[in-house]
Amino acid sequence: MIEVSGLRVVLPPAVAAVDGVDLTIRGGEFVVILGRSGAGKTTFLRALNRLVEPTAGTVRLGGRAITGADAATLRGMRRQIGMVFQQFNLVRRASVVENVLAGRLGWSPTLPTLFGRFSENDRRFARECLAQVGLADFAARRADTLSGGEQQRVAIARALAQSPSVILADEPTASLDPALTGSIMDLLRAINVQRRLTLVVSQHQLETARAYATRIVGFRRGRVVFDGPPSALTPAVATGIYGEDTPA
Amino acid sequence: MKRTTLAIAVIVLAWTVWDTGSDPVRLARGVPWIADFLRRMLPPDLRVLPAALHGALTTVEIAVLGTAVAAAAALPLGFLSARNVAAPAVFHPARAALNFFRSVDTLVYALVFVAAVGLGPFPGVLAVVAYTTTSLAKLYSEAIEGIDRGPVDAITATGATRLQILRYGVLPQVLPLFLSYVLYRLETNIRAATVLGFVGAGGIGFYLQTYLRMIDYPAASTVLLVTVAMVMVVDAVSSRLRARLV
Chain U
1 MIEVSGLRVV LPPAVAAVDG VDLTIRGGEF VVILGRSGAG KTTFLRALNR LVEPTAGTVR
61 LGGRAITGAD AATLRGMRRQ IGMVFQQFNL VRRASVVENV LAGRLGWSPT LPTLFGRFSE
121 NDRRFARECL AQVGLADFAA RRADTLSGGE QQRVAIARAL AQSPSVILAD EPTASLDPAL
181 TGSIMDLLRA INVQRRLTLV VSQHQLETAR AYATRIVGFR RGRVVFDGPP SALTPAVATG
241 IYGEDTPA
Chain S
1001 MKRTTLAIAV IVLAWTVWDT GSDPVRLARG VPWIADFLRR MLPPDLRVLP AALHGALTTV
1061 EIAVLGTAVA AAAALPLGFL SARNVAAPAV FHPARAALNF FRSVDTLVYA LVFVAAVGLG
1121 PFPGVLAVVA YTTTSLAKLY SEAIEGIDRG PVDAITATGA TRLQILRYGV LPQVLPLFLS
1181 YVLYRLETNI RAATVLGFVG AGGIGFYLQT YLRMIDYPAA STVLLVTVAM VMVVDAVSSR
1241 LRARLV
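Protein chains in written order, with the numbering used here: chain U, 1 to 248; chain S, 1001 to 1246.
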């Protein structure tokens, strides 16, 4: 369970990207954060695991505060939160399996990993995660030789390798061919259903949000303007999220 | 504005011509002497070839060992003087120190180390280490500052420690660049090391200086030819290796 209360993030020079958000996400939900670009979705997700430091408010995971936690506690909690990015953020020159193994870093002692050493269990688990995203045969390939869709699958495998309880996905399909959107979202839904992981996915596409979310949270100018099931998302509500322009 | 700048540039250059006594007529008058010098260098005296080759080997050794030690020593310095990795309290003094030590050339370091540890290749190695460490650290830090932030974020999000983030988020992005810089430095260090012998710091320069002093121009020309061949071979090997890295 993720409990967010009074969350504010002011980015330099003085933009309130997230401007007072209260939200409770229960275990196993598939929450889509919907909003147009610049609505604060990315900053909100990055504040949840403190890649961006919140200006005010609290974030709790399973009852424990992430905000204000010291460095060691923060690292321990980040392990439970996998993250998938719009630009995949793989280490391009490293092999696919090395990228997935990076998901084990938080669980591994620092010194051996500095020499590239991981336990046999970690290596086996990394391969299982690769198999789960359908890329078992790609382990030895260099990450930058893969297509965009495949790279995003590797990034999802890296998140799974953390054995997290939550996965945050920031516009995971925005830099992919529209035809690939479905396959990545299907994969995220399978993870949500089979592993009972909580998913928090930001999206700017209304139709994708409707098709996959169990709950949609509409963002506008850093505030929550809608919170409910996809069925409650009427055209009038959509206009409230996107503004006067027709949604994309 | 542009015109004033140009006028100032012309005045400055004219003054430097006058102050340094640069005179095309003097150069023209000197041409026969250069021709005479070249004529006396020919044919090269191949009897000194073994000595020249031995000197060349020492020069390569000085450059290789010096560059290798510097490549490792520059690693922590590079990270400490990268704006996006080091804290400002560390970064600013580190950068200042680099700029200070980098302004001294290898040959000047050689003079200092010859005075400190005596004649031979060892002060040459130390001189190469001293200059190359700071110059590589500067190049390393600039490579680190140019990395893609994305993988660093991704590794941070896994709950990795600071060192793990450097090892898995930063190092893979900069390592090929680092190696390429090291090879480039090796090439320039071979050139720098050829003159280290002039100040007693070992290598092929010692032979060149000795034969020139003895006015044995055929022997000196053999040494020069070996120097040129050595530099060309190292350049060729190194640039081939560099091409593979990028």
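Just so you know, the hints here were simulated from the structure itself, not pulled from any lab data. Do not take every clue at face value.
Going by beta-carbon spacing under 7 Å, a handful of chain U positions derived as facing chain S [what the hints assert, rightly or not]:
id : residue
1  : GLN87
2  : VAL91
3  : ALA102
No residue lacks a Cβ here, since even glycine has one placed at the ideal position from N, Cα and C.
- Holds or violated: GLN87/U as interface residue toward chain S, Cβ cutoff 7 Å? holds, 5 Å
- Classify the hint on ALA102/U as holds or violated, based on whether any CB of chain S lies nearer than 7 Å to its CB. holds, 5 Å
- Answer holds if the nearest beta-carbon of chain S is closer than 7 Å to that of VAL91/U; otherwise answer violated. holds, 5 Å
Of the hints listed earlier, there is not a single one the structure fails to meet.
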